[in-house]
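Protein chains: 2
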Amino acid sequence: MLKERFSVIYSISGSRGEASKKAKDICIEQTVEFPEELITDSLIRNHIFGRVESLHKKDKNTCTARINYNVEVSGFELVQFLNLIFGNISIKPGIRLESLELSPSLLKIFKGPRFGRSGLRRLLGIKKRPLLCTAVKPLGLDSKRLAGLAYQFAIGGIDIIKDDHGITNQRFSPFEERVRLCAKAVQKANEKTGKNCIYAASINSPADEIIERARLAKGYGAGGLLISPGLVGFDTMRRIADDDTINLPILCHPGLLGTYVISKKNGISHYALFGQIARMAGADAMIFPNYGGRFSFTKEECLSIAKGAAVRMGKIKPIFPCPGGGMSLNRVEEMLRLYGREVIFLIGGGLFTHGTNLIENLSS
Amino acid sequence: MLKERFSVIYSISGSRGEASKKAKDICIEQTVEFPEELITDSLIRNHIFGRVESLHKKDKNTCTARINYNVEVSGFELVQFLNLIFGNISIKPGIRLESLELSPSLLKIFKGPRFGRSGLRRLLGIKKRPLLCTAVKPLGLDSKRLAGLAYQFAIGGIDIIKDDHGITNQRFSPFEERVRLCAKAVQKANEKTGKNCIYAASINSPADEIIERARLAKGYGAGGLLISPGLVGFDTMRRIADDDTINLPILCHPGLLGTYVISKKNGISHYALFGQIARMAGADAMIFPNYGGRFSFTKEECLSIAKGAAVRMGKIKPIFPCPGGGMSLNRVEEMLRLYGREVIFLIGGGLFTHGTNLIENLSS
Numbered sequence: 001m002l003k004e005r006f007s008v009i010y011s012i013s014g015s016r017g018e019a020s021k022k023a024k025d026i027c028i029e030q031t032v033e034f035p036e037e038l039i040t041d042s043l044i045r046n047h048i049f050g051r052v053e054s055l056h057k058k059d060k061n062t063c064t065a066r067i068n069y070n071v072e073v074s075g076f077e078l079v080q081f082l083n084l085i086f087g088n089i090s091i092k093p094g095i096r097l098e099s100l101e102l103s104p105s106l107l108k109i110f111k112g113p114r115f116g117r118s119g120l121r122r123l124l125g126i127k128k129r130p131l132l133c134t135a136v137k138p139l140g141l142d143s144k145r146l147a148g149l150a151y152q153f154a155i156g157g158i159d160i161i162k163d164d165h166g167i168t169n170q171r172f173s174p175f176e177e178r179v180r181l182c183a184k185a186v187q188k189a190n191e192k193t194g195k196n197c198i199y200a201a202s203i204n205s206p207a208d209e210i211i212e213r214a215r216l217a218k219g220y221g222a223g224g225l226l227i228s229p230g231l232v233g234f235d236t237m238r239r240i241a242d243d244d245t246i247n248l249p250i251l252c253h254p255g256l257l258g259t260y261v262i263s264k265k266n267g268i269s270h271y272a273l274f275g276q277i278a279r280m281a282g283a284d285a286m287i288f289p290n291y292g293g294r295f296s297f298t299k300e301e302c303l304s305i306a307k308g309a310a311v312r313m314g315k316i317k318p319i320f321p322c323p324g325g326g327m328s329l330n331r332v333e334e335m336l337r338l339y340g341r342e343v344i345f346l347i348g349g350g351l352f353t354h355g356t357n358l359i360e361n362l363s364s
Numbered sequence: 001m002l003k004e005r006f007s008v009i010y011s012i013s014g015s016r017g018e019a020s021k022k023a024k025d026i027c028i029e030q031t032v033e034f035p036e037e038l039i040t041d042s043l044i045r046n047h048i049f050g051r052v053e054s055l056h057k058k059d060k061n062t063c064t065a066r067i068n069y070n071v072e073v074s075g076f077e078l079v080q081f082l083n084l085i086f087g088n089i090s091i092k093p094g095i096r097l098e099s100l101e102l103s104p105s106l107l108k109i110f111k112g113p114r115f116g117r118s119g120l121r122r123l124l125g126i127k128k129r130p131l132l133c134t135a136v137k138p139l140g141l142d143s144k145r146l147a148g149l150a151y152q153f154a155i156g157g158i159d160i161i162k163d164d165h166g167i168t169n170q171r172f173s174p175f176e177e178r179v180r181l182c183a184k185a186v187q188k189a190n191e192k193t194g195k196n197c198i199y200a201a202s203i204n205s206p207a208d209e210i211i212e213r214a215r216l217a218k219g220y221g222a223g224g225l226l227i228s229p230g231l232v233g234f235d236t237m238r239r240i241a242d243d244d245t246i247n248l249p250i251l252c253h254p255g256l257l258g259t260y261v262i263s264k265k266n267g268i269s270h271y272a273l274f275g276q277i278a279r280m281a282g283a284d285a286m287i288f289p290n291y292g293g294r295f296s297f298t299k300e301e302c303l304s305i306a307k308g309a310a311v312r313m314g315k316i317k318p319i320f321p322c323p324g325g326g327m328s329l330n331r332v333e334e335m336l337r338l339y340g341r342e343v344i345f346l347i348g349g350g351l352f353t354h355g356t357n358l359i360e361n362l363s364s
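Residue numbers (our numbering), protein chains in the order written: chain A, 1 to 364; chain B, 1 to 364.
Chain A extracted, bound-state conformation (with noise of 0.2 Å):
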């Protein structure tokens, strides 16, 4: 048995002597799950036991503490991961997971993105601009009118074109149907323009149809694959993404998982889920809702969704943060200072009637 450990850092509510039992806690809770004091096996005592490693106070009402595991538990399989870091505390009110902080043999076994920042961009072509992404939208078009828009955005200059993360099979646009039609009119565009837009298929769908939904999307010509972990699983994504018969790049879209950020005492860190687990997961990008729009994140919070997605994880590639919603032409410089130039701008439809402006403004 391997003796390497990895550690999490865990927010934990309470006063310090309360945080401390409730850390102590979670080295069994997430391990064994059993009274420790019946436990007598030194094996299982001295390497299955989580350990606390340091406590200290974040805040009055808070603390920090970094908990470590030993690999072994994890099986060296993504979901047993999960379990491992998250599984039964996330019943218990008052732990927050912030971060990862992986060791040599889990750095090695999670191959992450498959094309990350650079696979991406030479995939597009595009050397150093942010990118822009747009949706085929609204969900009850038919496939020719969503088609109709992906082939204007292309025209336009929108380097990546998604279907809208609610439009899967429905028979008012079948997916076989939509994604054969929407490729096509974006290489259609491709060959007037001169440039590799990629459409990404959406491909959130029934467990046992999902590994054949992504192959008839290559097959159909789609450059890129939408998929929604929360929906469908964190291992489908990475088992997608590490298929070398797909070899695509996959936008993660966050549905399902908000219930997991929106609280500073529960659930997990923005950095964590939307950052590290995403691209441990697989994710080439991760669509989020901006700050300033229509939902609740903040300035900070989306801050530290791109540092996650860019923070030194062994070879794990660095991935683009992808903030949606809230974008338009005058927010373009106070953007480009947050998240700087590795950034993908998903951009409503609405700003399309720009032209292509905001590609000449992007690449000044």
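Simulated from the structure, these hints should not be mistaken for laboratory data.
Take every hint as true, because none was put in to throw you off.
As the list makes no split between identical chains, a pair holds if one copy fits it or if it spans any two.
As a list, the in silico DSS-like pairs of lysine-lysine whose alpha-carbon atoms are at most 25 Å apart:
(1) LYS92 x LYS57
(2) LYS92 x LYS299
(3) LYS92 x LYS307
(4) LYS144 x LYS3
(5) LYS264 x LYS92
(6) LYS58 x LYS307
(7) LYS127 x LYS111
(8) LYS265 x LYS57
(9) LYS128 x LYS307
(10) LYS92 x LYS265
(11) LYS60 x LYS264
(12) LYS24 x LYS60
(13) LYS128 x LYS317
(14) LYS21 x LYS265
(15) LYS299 x LYS265
(16) LYS60 x LYS265
(17) LYS317 x LYS111
(18) LYS60 x LYS21
(19) LYS315 x LYS128
(20) LYS188 x LYS144
Since chain A is already given, all that's left is putting chain B on it; use the hints.
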């Protein structure tokens, strides 16, 4: 396009005026996700938009909104169904999904549990009394020792013996070895007791292996499966429940799902998540932490799970609530009063020391 609609009941924080605004926003956010005023297509306006059916004050700071959606938007797929009812609004604070009222076509599409209460009773050959479940643990024991425990539990009269949820495929107890030995141990005990005790193998595993692990478990003689949809995705569980070649009852574990239920203001209610949704997704029994144990669920929350597990949902069978933790002999009477006989008591290994008294107790 079908005109059929189904309803979702949400709690919305705020005054009546604020809640009314938020309810209207949900109708747009969860469907077209597009400025309402820009949509002129009457088909979309009349059929795709969600609709506020009713809104009333629940208490001082909360309203109850009943919102309906066209079934077509669900694509008749569980993944998009979950996205439709809570995908994007999971990111908006102050909205909690309370319950579902499915319509005929959805009740027909979603088969729910394969066995349900009566099917599981039939497998076990137990007509009326509450069922008893326990877990082999702690994590860290080798497969032989886990199998030894399984044998003793089965001899002692336990009905369902499951892997502890953190025991998956670690090197100190690899999946195949453990499942083979545990299933064999339980079969051996059954030959002695003449009973039909079931061993439920934990198959939480990589997306590309989980079906194979389910089939392996069946092949080795496991009589049930343990699945955590928070880890592997709800539709993965549904897919396994629907698979005729697997054909095993499913114990559903709440790992990683806790965050959804621990706030009164956000997320999803215990009733909907651990009752209705788990059931739609094919669970035959839903494990949850009982009140009065080391977790924080209240008596009312636990009871609401039992209600969601049994509420009339077309032909979708009622399933067992499976409260765990905090269970001891002197609480049996209280628990029976609360849950009635249609329950699986998930009891700690320690209780096993009482021998078969507990079973005689429950049978009387």
